[in-house]
Amino acid sequence: SQQGEEDPQALSIQEGENATMNCSYKTSINNLQWYRQNSGRGLVHLILIRSNEREKHSGRLRVTLDTSKKSSSLLITASRAADTASYFCATNIAGYSTLTFGKGTMLLVSP
Amino acid sequence: DAGVTQSPTHLIKTRGQQVTLRCSPKSGHDTVSWYQQALGQGPQFIFQYYEEEERQRGNFPDRFSGHQFPNYSSELNVNALLLGDSALYLCASSLGTGNQETQYFGPGTRLLVL
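Quick note, the sequences are listed as chains A and B, same order.
Just so you know, the first sequence maps onto residues 1 to 111 in this note's numbering.
Just so you know, the second sequence maps onto residues 1001 to 1114 in this note's numbering.
Because the hints were derived from the structure by calculation, they are not lab data.
Every value quoted in this text rests on a predicted model; they were computed, and no experiment measured them.
Heads up, a few of these hints could be off.
Result set (DSS-like, lysine-lysine): computed pairs, CA atoms no more than 30 Å apart in a straight line [claimed, not checked]:
1) A:K103 - A:K56
2) A:K56 - A:K70
3) B:K1026 - B:K1013
4) B:K1013 - A:K103
5) B:K1013 - A:K56
6) A:K69 - A:K103
7) A:K26 - A:K70
8) B:K1013 - A:K70
9) A:K103 - A:K26
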């Protein structure tokens, strides 16, 4: 079963614009992670945010976590065509080291 | 530093056959997890191996089994293949089974069952 639910399912923007993707989940978590997947290939880890953190930055990425609303957002600033990919949020639940993924957001960045 | 590797990259099988997929973890990692990703879906956890034992298992039937070797590499076996087993199979490695560890994924094996 899917723990996370990304929104929107698909997003189309122009290069240079910002892209925001949201993730909602159902149960309490230890951490939430964002991954990128290009053309159905392997997943690339982007960022991990722990349940006691509210915001985290990595390069052009900014992730927020609101545990009271059980939601997270991923912001990609100044997007590039190379950012075109599917983005997944994955939650790590207490007592387990495995990840539960959402269905993902497909991002298309046009030159 | 070698990342996670998987073999083969693609595989075509017919219903009822058996398949074995292989994974070598990232250097220094000792835990391997397997995920199944159907088209248009997010990955679904199958099972996790640590110290050559299955530590956790997702909601998959017994047709899915695995093994971990002393060098930490792992195999995923699927018996009596069904059409619905067609998917991308991803292997992820990490250090230990701690829940704050980042999992690193391999490129996947794409299985097509005809």
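Verification of the hints:
no.	hint	result
1	A:K103 - A:K56	23 Å, holds
2	A:K56 - A:K70	16 Å, holds
3	B:K1026 - B:K1013	28 Å, holds
4	B:K1013 - A:K103	26 Å, holds
5	B:K1013 - A:K56	44 Å, violated
6	A:K69 - A:K103	19 Å, holds
7	A:K26 - A:K70	7 Å, holds
8	B:K1013 - A:K70	41 Å, violated
9	A:K103 - A:K26	14 Å, holds
Checked against the numbered hints listed earlier, the structure breaks hints 5, 8; every other hint is satisfied.
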